[in-house]
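The hints should help you fit chain E onto chain X, whose structure is shown.
Each protein sequence line maps, in turn, to chains X and E.
FYI, the UniProt record's numbering numbers position 58 of the first sequence as 58, with every residue one higher than the one before it.
FYI, the UniProt record's numbering numbers position 208 of the second sequence as 208, with every residue one higher than the one before it.
It is possible that some hints are incorrect.
Here are the simulated lysine-lysine pairs, DSSO-like style, with alpha carbons at most 30 angstroms apart [unchecked claim]:
id, chain 1, residue 1, chain 2, residue 2
1, E, Lys72, X, Lys68
2, E, Lys100, X, Lys49
3, X, Lys56, E, Lys72
4, X, Lys49, E, Lys72
5, E, Lys226, E, Lys181
6, E, Lys72, E, Lys100
Because the hints were derived from the structure by calculation, they are not lab data.
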Amino acid sequence: MVERQRRTLGEQLGGDPPAGVRALPGPDQQALADLIGDARRAQGAALAKAGEDGLKYVPALLRGAVRKAVGL
Amino acid sequence: MKADLDARGEILKLARVLGVPPSRLDSLAAVPVDDLRLLRARVTDVLFDANLPTLRRMAAASRLIPAPVVAKIAERTFGPLLCARIAGLVDPARGVDVAKRLSTRFLADVAVDLDPRRANEIISGIPTPVVVSVARELAGREDWITIGRFVGHLRDSAISACLEVLGDAALLEVAFVLDDKARIDHVVRLLPSSRFGGVVGAAADSGHWESVFDLISHVSPVRREKFVAALKDLPEDTRASAEAAASELGVELDLS
Numbered sequence: 001m002v003e004r005q006r007r008t009l010g011e012q013l014g015g016d017p018p019a020g021v022r023a024l025p026g027p028d029q030q031a032l033a034d035l036i037g038d039a040r041r042a043q044g045a046a047l048a049k050a051g052e053d054g055l056k057y058v059p060a061l062l063r064g065a066v067r068k069a070v071g072l
Numbered sequence: 001m002k003a004d005l006d007a008r009g010e011i012l013k014l015a016r017v018l019g020v021p022p023s024r025l026d027s028l029a030a031v032p033v034d035d036l037r038l039l040r041a042r043v044t045d046v047l048f049d050a051n052l053p054t055l056r057r058m059a060a061a062s063r064l065i066p067a068p069v070v071a072k073i074a075e076r077t078f079g080p081l082l083c084a085r086i087a088g089l090v091d092p093a094r095g096v097d098v099a100k101r102l103s104t105r106f107l108a109d110v111a112v113d114l115d116p117r118r119a120n121e122i123i124s125g126i127p128t129p130v131v132v133s134v135a136r137e138l139a140g141r142e143d144w145i146t147i148g149r150f151v152g153h154l155r156d157s158a159i160s161a162c163l164e165v166l167g168d169a170a171l172l173e174v175a176f177v178l179d180d181k182a183r184i185d186h187v188v189r190l191l192p193s194s195r196f197g198g199v200v201g202a203a204a205d206s207g208h209w210e211s212v213f214d215l216i217s218h219v220s221p222v223r224r225e226k227f228v229a230a231l232k233d234l235p236e237d238t239r240a241s242a243e244a245a246a247s248e249l250g251v252e253l254d255l256s
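This is chain X alone, in the form it adopts within the complex (with noise of 0.2 angstroms):
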């Protein structure tokens, strides 16, 4: 399995964080990081699954041009 490379916090905002926050430890920056980047992948995972499921509700005739809007 590979790890995936965790990303600092200036990667996340991607800019420098306000001065307040980049005077926190290094492991609180990081552990706000992760938590954006946990945040990022849930939505990407979220939105993935409700578009297919959305689709159930689509009229039949609809299905397809829906479809190749989204891009599915």
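What follows is chain E alone, placed relative to chain X:
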């Protein structure tokens, strides 16, 4: 003390954005509130932008589906978090049409996760009775933070209608955690003067004097005088309690 309370509110809001219990963010307790506010805005942007291409395609696809079906999919499949992410990407008129078909409870759940900055047009287009129902639902949950995040994005008529269903104590709670404190004076301007005494009385009942002092510190001199007059009308022992709290909090207050 005020800075501590503001920081706690910010940490609670950030915890919501990240979907974690506030205790996971205990390490942020010493961070200045302005930096916490900045951090929350940055994290919100990161998460809202994280799946933007997919969210945009979903928003585009929703145009192909009748609004009642979109509402059904929203509640049964997407859930509040994804709806909150997509809301800012759909055509506002379409978004309002769908929102009107959602249950109050679900709309309140969406409101918790929504970034009002990104869905301003939809928020301002939602009919007042729907806004009031959601405000009532959120007040029932004592979710003052969410109500406070929306105040800056509602039409005055909707704010006035919400003020009618929010009690005096609730009003104090919302004002205390309002995202945009500069809006307080505007909101209080929409509040009938007859309620000023009730607002002050609510602070007296709860002993949460800092909330009313905070409110007073953000209103115009004219309205400040009205609140001070309401404080002066309190029974003597309650007035003494207000003055003692003001002294402890470093607030200048003369009720003699």
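Going through the hints against the structure:
{"no.": "1", "hint": "E:Lys72 with X:Lys68", "in the structure": "holds (21 angstroms)"}
{"no.": "2", "hint": "E:Lys100 with X:Lys49", "in the structure": "holds (25 angstroms)"}
{"no.": "3", "hint": "X:Lys56 with E:Lys72", "in the structure": "holds (11 angstroms)"}
{"no.": "4", "hint": "X:Lys49 with E:Lys72", "in the structure": "holds (16 angstroms)"}
{"no.": "5", "hint": "E:Lys226 with E:Lys181", "in the structure": "holds (19 angstroms)"}
{"no.": "6", "hint": "E:Lys72 with E:Lys100", "in the structure": "holds (12 angstroms)"}
Hint check: no violations occur; every hint is consistent with the structure.
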